[in-house]
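What follows is each chain in one-letter form.
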Amino acid sequence: MNGSQIVIDALKQEGVDILFGYPGGVVIPIFDALFKEKELNVILNRHEQASVHAADGYARSTGKVGVALVTSGPGSTNAITGIATAKLDSVPIVVISGQVKNGFIGTDGFQEVDMSGMTRTISKHNYLVNDINDLPKTMKEAFHIARTGRPGPVSIDIPVDVLLAVLKNYKYPEEIKLPGYKPTVEGNPKQIKKLAETIQKAEKPLFYTGGGIVASGAEKELLAVVEKTNIPFVTTLMGLGSSDADHPLFLGMPGMHGRYAANHAMMQCDLMIAVGVRFDDRVTGDLSRFATKATIAHIDIDPAEIGKNIQTEIPVVGDAKHVLKELNKILKACPANGWCKTVTAWRDESPLTYSQKPGEALAPQYVIEKLSELSKDNAIIVTDVGQHQMFSALYYKHKGPRCFISSGGLGTMGFGLPAAMGAALANPKRQVVAICGDGGFQMNIQELATCAINNIPVKALVINNQYLGMVRQWQELFWNKQYSKVCLKQTPNCPPECKGPNPQCPEVYRPDFVKVAEANGVKGLRASTPEELVAMLKEGLAYPGPVVMECIVRKEENVYPMVPGGKPIDEILLGPEKEKA
Amino acid sequence: MKTKHTIRLKVLNTVGVMARITGLISQRGYNIDSIMSTPTEIPEIYSVHLVLTETEDQIEQISKQLNKLVDVVKVTDISHNKNYIVREFIMVKISTSKNRPDLLQVIDLFRAKVLDLSTNYVVVSMTGGPRKIKRFLEVVQPFGIQELDRSGEFAVLDV
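Which chain is which? The protein sequence lines are A and B, in order. Anchor point for the first sequence: position 135 equals 134 in numbering that gives the first Met the number 0, and the numbering is continuous, going up by one each time. Anchor point for the second sequence: position 127 equals 126 in numbering that gives the first Met the number 0, and the numbering is continuous, going up by one each time.
Simulated from the structure, these hints should not be mistaken for laboratory data. Keep in mind that a hint or two might mislead.
Claimed, not checked - Subject to a maximum C-alpha distance of 30 Å in a straight line, what follows is the list of computed DSS-like cross-link-like pairs (lysine-lysine):
id, chain 1, residue 1, chain 2, residue 2
1, A, K139, B, K133
2, B, K63, A, K307
3, A, K307, B, K9
4, A, K193, B, K63
5, B, K63, B, K97
6, A, K396, A, K577
7, A, K86, A, K398
8, A, K307, B, K133
With these hints in hand, go ahead and build the complete structure from the sequences.
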């Protein structure tokens with residue numbers, strides 16, 4: 000077998016069924032070997048970044064390893080944003096890239112870049128395979144590293160001569176020998192016991208849970224613990240859906256755009272039990288004033304996360320599922336205490352608010368609420384990055400794990416549509432909705448053609464406010480309303496000192512998303528009022544193929560609640576509707 | 000408070016392992032005082048000695064991150080142990096134009112080794128702990144150091 004055939008065999012041995020890729024000079028051997036391939040569904044994206052995001056969406060929606068295949072040079076550099084996105088959110092993907100042949104490496108050969116150098120800091124691990132003899136074990140190790148421990152992206156760079164070299168007596172290895180890689184799955188029993196005792200003594204305990212719950216599949220174990228002890232919990236953006244949005248002990252998402260009750264509970268608690276989270280600055284706000292009254296317990300499979308951002312009194316290194324299971328065995332049941340009643344009352348007394356009257360311009364919050372209702376809270380929601388992402392996090396009633404997919408850590412615009420493709424291919428029986436802003440949607444809009452040609456039934460909901468809304472919101476609130484280069488309608492004829500929508504604004508918005516959809520062979524729909532929205536959502540969600548549903552929403556709607564950057568998270572702006580009330 | 004730490008790593012002898020280690024540290028804006036990579040008694044395992052001056056918290060974070068590298072088998076912060084032996088090897092070229100007899104006496108007293116002697120300079124090697132090396136360099140400084148090369152510190156646990 001030659002190197003290319005070994006790569007394909009390894010993918011099958013690892014259970015891969017879909018491959019996202021784009022050909023190019025040095026990977027022709029692999030694509031040649033794929034020519035008559037029947038077991039692997041090879042999706043030809045229109046850009047390598049989209050291939051990696053699609054593999055990422057596949058992985059996030061299933062927990063399986065997603066795979067992308069790209070060529071050397073520009074193919075590899077285009078893949079970089081996708082790899083970094085997966086790294087920041089701990090998503091298991093394997094990215095295979097071609098490389099110039101061994102003798103050419105380091106000579107600035109045609110389409111040569113140092114892929115292993117570039118991916119070193121943005122991957123969990125990476126390989127440059129110089130020798131065909133190393134290829135089988137490299138493939139085996141790559142999948143093992145991607146999916147075990149704290150998951151993450153692994154890059155495999157393979158020179159074209161290795162893809163063509165023949166290996167006699169090829170056999171896919173069964174064992175892995177990695178003396179430097181042994182993730183700790185089981186938590187230390189003494190630490191778990193200490194944690195249980197501390198929980199039992201705490202007066203104001205709070206669970207702070209995140210993506211680690213989803214990655215380890217610990218949703219049931221978490222609920223068992225919180226329901227037994229009646230301890231309220233918050234869930235970060237990456238963990239949304241790990242419990243039902245209306246669970247009685249759930250206080251919502253904390254952080255910069257977190258719920259009032261979630262943020263205040265974090266600041267007031269006397270014991271914070273962090274599980275599968277990383278005390279990200281978008282959650283903690285000003286770290287020096289964060290949860291100052293709390294003893295911090297931290298359960299994480301990655302020992303380097305513990306103590307990274309905050310001093311931790313009770314560290315437990317281990318897999319969330321295992322640790323929570325063991326914890327549950329020794330915890331004694333206790334009824335809801337005064338603290339629990341107080342914080343859940345905070346939640347009930349501070350619902351999210353916005354205004355929407357019949358016939359008037361659409362509120363983006365209303366769009367998401369209607370989507371939630373009409374998709375029976377049961378779609379896989381994939382978002383892009385920006386205001387719509389936060390509205391989707393706050394207003395969709397997430398139910399079930401792996402149903403809210405979003406670029407949280409890196410905040411990659413252009414993620415939504417291709418990641419939704421990956422999720423849709425992996426979940427053919429589920430409704431998959433890509434919620435995008437009009438800015439980010441244009442960053443991988445070429446994938447509409449991929450959706451149309453392969454009949455991938457992604458429903459793209461484009462929340463069009465004609466602005467790069469999140470940056471505009473910051474400019475409005477903190478930069479004296481100087482809307483510098485955030486208006487997507489701005490022409491050279493506009494006054495340079497423009498401070499927002501006015502009667503002189505250009506009428507035309509480019510592109511016309513409905514026409515773009517139609518030009519790509521995708522159904523295009525548009526709504527501007529609440530009445531049109533409901534009709535559009537009904538039609539679009541019922542349509543069997545891919546659809547673009549454009550919502551023309553209010554131009555200057557802001558995301559609230561909001562904590563200004565660098566402030567403690569209880570200094571929270573609740574927005575004009577709250578202030579009126 | 001920043002203090003000096005000697006971290007010893009056992010690593011797999013793979014292409015790029017040093018780049019991973021140094022990249023991980025420079026990525027966080029820390030500076031490496033010295034680094035040395037040498038073979039061990041096991042052919043596929045190399046020993047890396049890394050000297051850093053940082054706070055305890057930063058050293059702990061760096062050690063944890065180093066431990067996460069797949070090619071790194073073991074990380075030991077040797078300076079956290081009471082009993083360890085540190086040595087460094089230096090080679091230094093010193094001018095003999097000022098006072099050769101005095102210089103040669105100093106070299107002898109420090110039990111440094113003369114590797115070469117010419118009309119203008121002497122080349123000396125010496126092995127010693129940090130204090131001895133520091134003292135020696137202080138004493139020969141006035142004679143005129145023309146070139147100095149140091150191996151960087153390496154250490155073994157003495158328990």
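Taking the hints in turn, this is what the structure says about them:
1. K139/A to K133/B: 50 Å, violated
2. K63/B to K307/A: Holds. K63/B to K307/A sits at ~10 Å (cutoff 30 Å).
3. K307/A to K9/B: Given pair K307/A, K9/B holds - Cα atoms ~23 Å apart, limit 30 Å.
4. K193/A to K63/B: Within the cut-off at roughly 23 Å; holds.
5. K63/B to K97/B: Violated - the C-alpha atoms of K97/B and K63/B are around 51 Å apart, more than 30 Å.
6. K396/A to K577/A: 21 Å, holds
7. K86/A to K398/A: 25 Å, holds
8. K307/A to K133/B: 35 Å, violated
Comparing the model with each numbered hint stated earlier shows that hints 1, 5 and 8 do not hold.
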